[in-house]
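> Protein sequences, first through last, are from chains W and V. Residue 103 in the working numbering sits at position 103 of the first sequence, and the numbers go up by one each step. Residue 332 in the working numbering sits at position 332 of the second sequence, and the numbers go up by one each step.
If you're looking for bench data, these hints aren't it; they were derived computationally from the structure. One should not assume that every hint holds.
Which copy is meant is left open, because identical chains are indistinguishable; a pair holds if it fits in one copy or across any two.
Straight line, CA to CA, 25 Å or less: simulated SDA-like cross-link-like pairs of lysine to any residue [to be verified]: (1) K235 x P281; (2) K120 x K235; (3) K120 x M142; (4) K120 x D189.
Protein chains: 2
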Amino acid sequence: MSTQANVTLHDIARIAGVGLGTASRALRNAPGVAPATRDRVLAVAEELSYVVSPQASSLRLGSTGRIAVVVPHLDRWFFGAMLAGIESVLRTAELDTLLYPVGDLHDRRVFFKRLPARRKVDSVVIIAFPLEPSEQRRLELMGVHIVAAGGQSVDYPFVCIDDKIAGRQAMGHLIYLGHRRIGMLEAIDPDQPGLDSPRSAAYYASLKDADIPVDPGLVESNDWGGEHGAESMAKLLSLREPPTAVYAHSDEVALGAIRTLRRAGLRVPEDISVIGIDDHPLAALTDLTTVRQPVHEQGARAADIVLNLLQGAEVDQAVTMPTQLVIRRSTAPPAR
Amino acid sequence: MSTQANVTLHDIARIAGVGLGTASRALRNAPGVAPATRDRVLAVAEELSYVVSPQASSLRLGSTGRIAVVVPHLDRWFFGAMLAGIESVLRTAELDTLLYPVGDLHDRRVFFKRLPARRKVDSVVIIAFPLEPSEQRRLELMGVHIVAAGGQSVDYPFVCIDDKIAGRQAMGHLIYLGHRRIGMLEAIDPDQPGLDSPRSAAYYASLKDADIPVDPGLVESNDWGGEHGAESMAKLLSLREPPTAVYAHSDEVALGAIRTLRRAGLRVPEDISVIGIDDHPLAALTDLTTVRQPVHEQGARAADIVLNLLQGAEVDQAVTMPTQLVIRRSTAPPAR
Numbered sequence: 001m002s003t004q005a006n007v008t009l010h011d012i013a014r015i016a017g018v019g020l021g022t023a024s025r026a027l028r029n030a031p032g033v034a035p036a037t038r039d040r041v042l043a044v045a046e047e048l049s050y051v052v053s054p055q056a057s058s059l060r061l062g063s064t065g066r067i068a069v070v071v072p073h074l075d076r077w078f079f080g081a082m083l084a085g086i087e088s089v090l091r092t093a094e095l096d097t098l099l100y101p102v103g104d105l106h107d108r109r110v111f112f113k114r115l116p117a118r119r120k121v122d123s124v125v126i127i128a129f130p131l132e133p134s135e136q137r138r139l140e141l142m143g144v145h146i147v148a149a150g151g152q153s154v155d156y157p158f159v160c161i162d163d164k165i166a167g168r169q170a171m172g173h174l175i176y177l178g179h180r181r182i183g184m185l186e187a188i189d190p191d192q193p194g195l196d197s198p199r200s201a202a203y204y205a206s207l208k209d210a211d212i213p214v215d216p217g218l219v220e221s222n223d224w225g226g227e228h229g230a231e232s233m234a235k236l237l238s239l240r241e242p243p244t245a246v247y248a249h250s251d252e253v254a255l256g257a258i259r260t261l262r263r264a265g266l267r268v269p270e271d272i273s274v275i276g277i278d279d280h281p282l283a284a285l286t287d288l289t290t291v292r293q294p295v296h297e298q299g300a301r302a303a304d305i306v307l308n309l310l311q312g313a314e315v316d317q318a319v320t321m322p323t324q325l326v327i328r329r330s331t332a333p334p335a336r
Numbered sequence: 001m002s003t004q005a006n007v008t009l010h011d012i013a014r015i016a017g018v019g020l021g022t023a024s025r026a027l028r029n030a031p032g033v034a035p036a037t038r039d040r041v042l043a044v045a046e047e048l049s050y051v052v053s054p055q056a057s058s059l060r061l062g063s064t065g066r067i068a069v070v071v072p073h074l075d076r077w078f079f080g081a082m083l084a085g086i087e088s089v090l091r092t093a094e095l096d097t098l099l100y101p102v103g104d105l106h107d108r109r110v111f112f113k114r115l116p117a118r119r120k121v122d123s124v125v126i127i128a129f130p131l132e133p134s135e136q137r138r139l140e141l142m143g144v145h146i147v148a149a150g151g152q153s154v155d156y157p158f159v160c161i162d163d164k165i166a167g168r169q170a171m172g173h174l175i176y177l178g179h180r181r182i183g184m185l186e187a188i189d190p191d192q193p194g195l196d197s198p199r200s201a202a203y204y205a206s207l208k209d210a211d212i213p214v215d216p217g218l219v220e221s222n223d224w225g226g227e228h229g230a231e232s233m234a235k236l237l238s239l240r241e242p243p244t245a246v247y248a249h250s251d252e253v254a255l256g257a258i259r260t261l262r263r264a265g266l267r268v269p270e271d272i273s274v275i276g277i278d279d280h281p282l283a284a285l286t287d288l289t290t291v292r293q294p295v296h297e298q299g300a301r302a303a304d305i306v307l308n309l310l311q312g313a314e315v316d317q318a319v320t321m322p323t324q325l326v327i328r329r330s331t332a333p334p335a336r
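Could you build all of it, start to finish, from the sequences and the hints given here?
In structure tokens, the structure reads:
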């Protein structure tokens, strides 16, 4: 029988005949407690089925034993995989993961408004969105560490990929195959419309390097997600001269584009090549050529930084993980 | 020093020399407490690093304000969508979601072994796996409520779909189209090999109803996941007489099968029809015919049950949500 739920530190302190602070220090093996006293406290705790270790470890690493992970979209693979990576490391340190999904700007405002009232965590990991200065200030006032996974910051440590390099890997592949009329399905977060996209910058830089003039009609901007990719692809197909290849900002956008192409009776890659970014698990299943980013690993590295921060150790401020071209069956040289 | 993990409302009440109710009201700033008393309670709470507001709201619903969600695979869509549904409801009650991924049996054993030591939550929501009796007993001893999302139980409330009906909807569609040689890509959790699959039962029942004899060579069993679907499909293609249609236990398995068919130069649905179950977001993108299950909604309903349990209200013990056939472009009448 475990009655730990009802046993308090106070009970233990009282029965062991010590103060609360002494009981607490003894339980977490902190200095300043005589060995005999510590033994007595631990014996009482054991007798009452007050289990030391989880509390003890949480006291050792951070004060709450909990890390908040703030994540925009739990039901998208990228965020789930990032979260899985974070959690896999936090678990090894017996830290708990408190989940805060913030699907849109409204959720996010509510979260940050309430946050200062809830010093429930020692660190906050932000998955893939930039904090506003006021949001950041609130976290700092609470004394919690901030780490970004899948996004950059000048103010706190982050783990990400180099999106411009990823984009150039994708564009470089299409240009190498001989494509010169290349469309871009640009994905833009509607909550951050002004944000410069390094994946877009890669498109323009790659064209410039290859002396291919920019045709603004070949660029379609839309929200992230497959349905938007499908719509945008239809727009490119309505051009007098559609592209021979399409560079999509994500695999989901690319898969939407491929659906439009198939429905139009076009073959991928014989008629039009399509490349994405991510290496979504279904990219392998759909034979999509893409640029792989290590998502689970980015999450795990971000969590490593959290552990180091809690231990007061030095941390890397900026970790950039490599991406790589994965050639499958959705790209080929242009027809003719 | 923060010992919040160990300090209880009882400690604070006792040290401040007030009753539990008064301490609780003072901490959550409710009316009916003299200002001097409130100040004393808050001072004690602060001294003990007892954080006021989160507990205050949690005192209203449950004692910890936290709900554990135990989830096998964070990076698979089904689990992420279920989690998002659960969290969307818990958030409205200002309950926090503590995440416990248990990727395999080992993780799961560790989780349940440690659990009794951590009365950190008021309820546990189990996503889509059956608890063993010993696991269930541990939770009950802790006095935490158990709710299953996406799976059934005779012992605690659950929300799920009727997998046998879902399977019959898929099979019925193929049989209606005129297929009689129908393969099954059966997905089995390697950690629960003995478990009867209602999706498989649906296959046999549908064949029987249509007077189609069972050909065991048309059934391939494998783990969940697209790569396994791809492998199993290759086995079906090695038959002297391959099926004209394939019923896959999930969309991911179906997509793997379609990749194998495409690589073999076969057309879907002209040469072979494929149907899945789930309506994974990428099913729409890949024009896969499937049987839709409401995943986010199952999670939300499970969380509703949690809220009712915490309020001591009556709850539905068994909620079964409807599924429906979604016809896209991966199924058609057999050739010839």
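> Each hint should be assessed against the structure and marked as holding or not.
Checked hints:
1. K235 x P281: between (27 Å within a copy, 22 Å between copies)
2. K120 x K235: Neither: 48 Å inside a copy, 53 Å across copies.
3. K120 x M142: For K120 and M142, both the intra-copy (10 Å) and inter-copy (22 Å) Cα distances are at most 25 Å.
4. K120 x D189: Neither. Shortest intra-copy (30 Å) and inter-copy (36 Å) distances fail the 25 Å Cα cut-off.
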